[in-house]
Amino acid sequence: MVHEAYKEMIPARALSALDAAEAQTLNEHLENCDECRKELEEWQATAATLALTSEPVEPSPAVRERILSEVRKDLSPEVLPFRSTSRNIWSSFGALGAMAAVVLLTALIVGLAVMWRQNQLMQEEMAQTKEFVELVTTPGARVSDLKGVDLGAGAAASLAYDQNGHAMLMAKKLPRPPQGKAYQLWFIVGTKPPMPSKTFSTDKSGTGMLKDQMPKEAMDSAVFAITMEPEGGSSAPTSPIYLRSFEVN
Amino acid sequence: MSLNPSKSAAPYIPRLQDTDVALLTAIAAHDEAALAQLYDRYRAILFGLLMRILNNREEAEDVLQEVFLQVWRKAQDFDESRGRPFTWLVTLARSRGIDRLRTLAARERVAEAGAREPSDEISDAATDAFKSEQRGLVSDALAKLPDEQKRPIMLAYFEGLTQSEIATNLGAPLGTVKTRMRTGMIRLRELLAGQGESFGF
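Protein sequences appear in the order of chains A and B.
So that you can map any letter, position 110 of the first sequence is 797 in the working numbering, and since no number is skipped, the others follow by simple counting.
So that you can map any letter, position 54 of the second sequence is 56 in the working numbering, and since no number is skipped, the others follow by simple counting.
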């Protein structure tokens with residue numbers, strides 16, 4: 688089938704109205720054709736406006752509660768439900784019961800300590816995210832997107848900075864650096880040597896954050912890049928670029 | 003994206019979208035408050051859509067919950083270069099809604115179009131990310147399509163019918179349905195293109 692024939696199927700695909708066989712043929716073509724994929728995205732935007740022909744309706748407030756309580760379950764570590772039991776259960780087990788109580792108490796203390804630590808990490812992460820959102824929404828703030836290249840393929844980052852050069856980088860899907868290594872951000876202006884920023888690491892989920900003061904020269908026209916360097920950082924890049932911005936800011 | 007100063011509503015919407023992107027970024031980093039905010043912006047439009055597809059409050063609420071839990075888990079997959087948050091959310095909700103409709107084999111939905119209970123309050127537009135003007139623009143554009151083009155589009159979008167099913171449903175040849183659907187979509191896009199900034203195309 689020729690490219691044009693596929694293109695004709697795209698509006699119907701955006702309505703998911705293609706019959707199964709046609710849908711499969713088109714999907715195979717989409718995997719290899721950037722132009723058609725782009726076109727599908729545009730048609731999906733058109734199709735999505737149809738949703739606006741439905742009258743908005745208020746769901747019951749319970750739905751919001753249910754969603755948020757599910758989400759909180761995701762956020763808090765698994766905790767076994769604690770059943771209140773009467774004291775004489777322990778006494779009926781005698782010494783064994785006392786030992787079990789000690790084991791349980793120890794487990795509880797360890798569990799609480801772990802929870803406290805996790806909670807602390809989460810609070811830190813949330814505070815950073817909040818700071819990032821605040822920076823992005825500051826009047827005059829700018830955001831530059833960095834895309835993973837070569838070794839960093841699949842990763843992405845956003846660098847936000849305000850008019851005073853307060854900059855914050857948020858990276859996603861960037862693998863944890865090996866022992867002794869860290870990622871480092873660079874400001875590249877024209878053909879001058881890259882100016883070093885700070886280093887950062889990423890967590891299990893590939894998320895990493897960095898805060899720095901951006902040099903004045905970088906604020907008007909710079910490319911931002913991330914490399915992998917020794918933990919303390921380098922004064923000039925020593926590795927290939929993992930992520931970079933593609934437009935001069 | 004350039005703003006067209008001749009349209010008074012235009013500068014407002016891209017700003018909303020910037021906020022949506024910031025919210026999705028925060029949700030990807032597991033910010034619960036950001037999820038609550040995104041929910042409040044979209045709940046009425048998405049629930050209205052799901053009610054239209056499923057015509058059943060309980061099912062629609064269940065799917066709405068599924069949609070936002072998926073947003074929570076998949077926000078990091080949202081890619082701004084591939085479309086607007088509005089498109090992403092609506093496409094996700096509509097596809098979940100149609101999946102549910104199929105699962106329920108509820109094509110013969112309780113037919114009373116007026117089956118909405120009085121408690122189905124039409125949303126207060128103040129909390130709604132999409133004001134009635136935007137909805138009006140789409141309805142106007144759709145009203146300009148001939149019925150024969152509009153019906154296949156609506157049957158596909160809101161009832162999840164495929165082109166063959168639509169042909170059977172309308173008693174029209176498959177080729178004709180394909181042509182009308184395509185012509186209708188092209189016309190719809192042209193009509194909305196004039197309002198492009200309002201929809202973030």
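Simulated from the structure, these hints should not be mistaken for lab results.
Remember, predicted model here, so these are calculated numbers, not experimental data.
Watch out, some of these pointers could steer you wrong.
[Said to hold, decoys possible] Incomplete in silico selection of chain B near chain A, CB under 8 Å:
id: 1; residue: Phe-88
id: 2; residue: Arg-104
id: 3; residue: Leu-106
id: 4; residue: Ser-166
id: 5; residue: Arg-189
[Said to hold, decoys possible] When the alpha-carbon atoms are kept at most 27 Å apart in a straight line, the in silico DSSO-like pairs for lysine-lysine are as follows:
id: 6; chain 1: A; residue 1: Lys-885; chain 2: A; residue 2: Lys-860
id: 7; chain 1: A; residue 1: Lys-898; chain 2: B; residue 2: Lys-76
id: 8; chain 1: A; residue 1: Lys-891; chain 2: A; residue 2: Lys-817
id: 9; chain 1: A; residue 1: Lys-817; chain 2: B; residue 2: Lys-146
id: 10; chain 1: A; residue 1: Lys-694; chain 2: A; residue 2: Lys-817
id: 11; chain 1: A; residue 1: Lys-885; chain 2: A; residue 2: Lys-868
id: 12; chain 1: A; residue 1: Lys-879; chain 2: A; residue 2: Lys-891
id: 13; chain 1: B; residue 1: Lys-76; chain 2: A; residue 2: Lys-860
id: 14; chain 1: A; residue 1: Lys-898; chain 2: A; residue 2: Lys-859
id: 15; chain 1: A; residue 1: Lys-891; chain 2: B; residue 2: Lys-152
id: 16; chain 1: A; residue 1: Lys-834; chain 2: B; residue 2: Lys-152
id: 17; chain 1: B; residue 1: Lys-152; chain 2: A; residue 2: Lys-859
id: 18; chain 1: A; residue 1: Lys-725; chain 2: A; residue 2: Lys-868
id: 19; chain 1: B; residue 1: Lys-152; chain 2: A; residue 2: Lys-817
id: 20; chain 1: A; residue 1: Lys-879; chain 2: A; residue 2: Lys-817
id: 21; chain 1: B; residue 1: Lys-146; chain 2: A; residue 2: Lys-760
id: 22; chain 1: A; residue 1: Lys-868; chain 2: B; residue 2: Lys-146
id: 23; chain 1: B; residue 1: Lys-146; chain 2: A; residue 2: Lys-834
id: 24; chain 1: A; residue 1: Lys-891; chain 2: B; residue 2: Lys-76
Glycine included, every Cβ here is placed at the ideal spot set by N, Cα and C.
Of all the hints given earlier, name the ones this structure violates by number, lowest first.
-> Failing hints, ascending: 2, 3, 5, 9, 10, 12, 15, 16, 17, 18, 19, 20, 21, 22, 23.
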